[in-house]
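S.K.: Let the hints inform the model, and build the full structure from the sequences given.
There are 2 protein chains.
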Amino acid sequence: MKSYEEAIGLIYWDMRTGAPKKGIAQRSEVVGELSGELFRMSVSDEMGAFLDYFLQEDNHGQLSRTDRKIVSECKKEFDRSKKIPPQRYQEYVVLTSQAEAAWEEAKDKADFASFQPYLEKIVAMNHEFIDLWGYEGHKYNTLLDMYEPGMTVAKLDQVFGALREQVVPLLSAIQASPHRPDTSFLKQQFEKEKQKKFSLFILEQMGYDFAAGRLDETVHPFATGLNPGDVRITTRYLPDDVNSALFGTIHEGGHALYEQNISLELVGTPLCTGTSMGIHESQSRFWENTIGRSRAFWSRYYSDLQQHYPGQFDRVEAEAFYRATNEVKPSLIRIEADELTYNLHIMVRYEIEKALFDGSVRVSDLPEVWNEKYRDYLGVVPSHNGEGVLQDVHWSGGAFGYFPSYALGNMYAAQIARTLDRELGGTDALVAEGRLLPIKEWLSDKIYQYGKSLTPSEIIMQVTGEELNPSYLVEYLRAKYSDIYKL
Amino acid sequence: MKSYEEAIGLIYWDMRTGAPKKGIAQRSEVVGELSGELFRMSVSDEMGAFLDYFLQEDNHGQLSRTDRKIVSECKKEFDRSKKIPPQRYQEYVVLTSQAEAAWEEAKDKADFASFQPYLEKIVAMNHEFIDLWGYEGHKYNTLLDMYEPGMTVAKLDQVFGALREQVVPLLSAIQASPHRPDTSFLKQQFEKEKQKKFSLFILEQMGYDFAAGRLDETVHPFATGLNPGDVRITTRYLPDDVNSALFGTIHEGGHALYEQNISLELVGTPLCTGTSMGIHESQSRFWENTIGRSRAFWSRYYSDLQQHYPGQFDRVEAEAFYRATNEVKPSLIRIEADELTYNLHIMVRYEIEKALFDGSVRVSDLPEVWNEKYRDYLGVVPSHNGEGVLQDVHWSGGAFGYFPSYALGNMYAAQIARTLDRELGGTDALVAEGRLLPIKEWLSDKIYQYGKSLTPSEIIMQVTGEELNPSYLVEYLRAKYSDIYKL
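These protein sequence lines are chains A and B, in that order.
Per our numbering, the first sequence starts with residue 695, numbered consecutively.
Per our numbering, the second sequence starts with residue 695, numbered consecutively.
No lab work stands behind these hints: they were computed from the structure.
Everything hinted at is true.
Treat identical chains as interchangeable: a pair holds within one or across any two.
Straight-line distance between alpha carbons at most 25 Å, and here's what the computed SDA-like set of lysine to any residue pairs gives: (1) K715 with L894; (2) K696 with D708; (3) K890 with P933; (4) K815 with V1063; (5) K891 with L999; (6) K890 with D708.
M.R.: Right, here's the structure in full:
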């Protein structure tokens, strides 16, 4: 089954990075065939018999801790999958595979209508699946649980509510501040080759292993861990923005460090992946924001940036670049958003996904609903759907329930960063010396190596000594932006 | 089964074009798993029952001609495969997958010893398989038949004997000629980007469809038809040789035109591929040599070449370039060989393969045997194994019996070219006007569209009105080189 997953992962990577268009329809059939077979194996009588055998008390008692975890993961997946008719599942896989290609074109043309029929089918099939799986409280809970086990609408309403309570007044204070960073120098023309070279340099500094990965270019950046020896990332290069590709690369690089450093003992098992999307996002966002957007980072790497773009930053000080890079500005595009307003982008998607699954919003309403919520939450309105409702790849793949992980990731990241800072005797000092490898080692040791053999909750308890606590993120944001905006 | 083949094809393409090294071992497991499953399907009771059903006289009579051909292809494959234990087959696939990576490193380091154990296992397993399949006359016949149905050692000894009889005196006459082309201008420094751009330009002229393919860079150029909408080719760029990448590209482009133009009605069937390796090679070599190395071609495209390499060919006439490009010179590397001596490179490999399977040569002897034969046939001796016995990828994949296809391809190509010339009213005139598309259309119409639904013999009869006749190649070579060398 892991072999099938790896093959399918490679096909998806290829479809996104450069597969010829005319071959896509047939390739989608291939994905459908392999996914169907994978699914049949996962719900086979053979799998059922294996699970029965290993769950018998006598046999179960003899398993190692890791093997017991493997069995329970397989059992959970088995029970979940048994409820979907294999034929329907295969149709769903073909659908989402075609939808992703359709989305890419729709986004380019800002043409929601061409994507709408795909999205309607995807949402309808998710409703159908939720009814088969069952749900408690809110239909959307069943989807949330897939990405962050145990997460519910009730909890998210609470956590996001608390976060919003703190972020909104902080945002107001920032917007009222006269100390706005000058960002004009970020918007010059930057050659793609130079952007790529600098991105590769920073990846190397982070300890990304190029013998176990590669960097490519796609419309929407992503990381894919095919096995720990092959963890690929992508970014996109904007010709007039020095930061977009760089922070995209660091973000995906954070995901990749996680996957590259999973213990080789877990290869070929269902535990050879990140423990949850929230913890995964905590790592991408830790590297992107906590490290990459820190003053310490730019005190060390700003001269490298200057050298990579000769003449383009001669009159800009490191401190000015740091402040510009942390400009807070409500905007339209999630992946370009600053750390603070980012959470509001997530809340828009969270509200919409909730509404799609309690039936209060239809797919055909999405462009309008999207634009309204952007006005309400962020005070900005897309001029076309390409920079609005079509901006993210996620829904084309049916990944409803995924978005909240980003905000959870911010919270986990802030909490983990606090412990790391204490245990390594000051993260800033290390970063300022360009010593990022001890940080990668610490995270590998505490988090990455375990893959999915520990739960998110076990990880966060083991590393920080307490359950998820959103106050660390609030504290971090307040300290950082009070300083930058001299509040 | 076609879906599995397509997935495996993509994995191989990826392993050769840029997969991270550390992921290869695990990827080989994936290939082994999928190939094993493909093999199990091909020999399954279900397949047996399908074949029995469709071979029943009542049912068979109702099938279309194409469907009957599908059934007979599956039956042939089924009977062949049934004789190999699935476990042994899977081991073989894993072995050849690892061997290919080992070969690439061994070739780089000119280190035969590191590759020898892989090759010994591959040869031993082929012996084992031949014993299971059975053979008539010579063990090697069984392997030859896989690439060119019906081909035998007896026939090849005869055909190659006849060819050698004509080629050797022609070669002597050429070497004695005082009219040797000046080739000095071919050996300058050529930027990779310019080489790539010119290669892409010529591919476009040939009618290669970039929406159904792409060009990448590998150690050993190849073409892979994943489906007619995704036919990828690779080449390699030598910094000091203007022709290597170009003719590699045209060669693989010829293979690709074949695969891109197979009728879409055959997609998803076992007939959606070239009919034999010999016919496939006839197309790559037709485009590379008959078209690409013709005087008419350079009368049309030489000015484009000059423009792609500004200043580098200012003082060279088109005719001089044409003659240089057709220099006859015994050399070490097959894929760099001229049209005439190329056949001698094939004969070396043919003799060695024969000997490996009648037991007269051992794998450990290969470097020595190789070097001896190169001295005997071509009068040159490799200075290291990287430019000797390790130069070709084929054996690492277990493709014994494949090499003769190249020489067969030359013969088919010459015969087909004669008919094409007559039917289109002069190929040279079209080429001299840059009208390559009518040639592609004619070949698509006569050959490509049929895929494997006609046999090689049916194709050559249908197109040229007679069976394979090597005299066309001899005639073509004599006319071309008598002119160039003023014999």
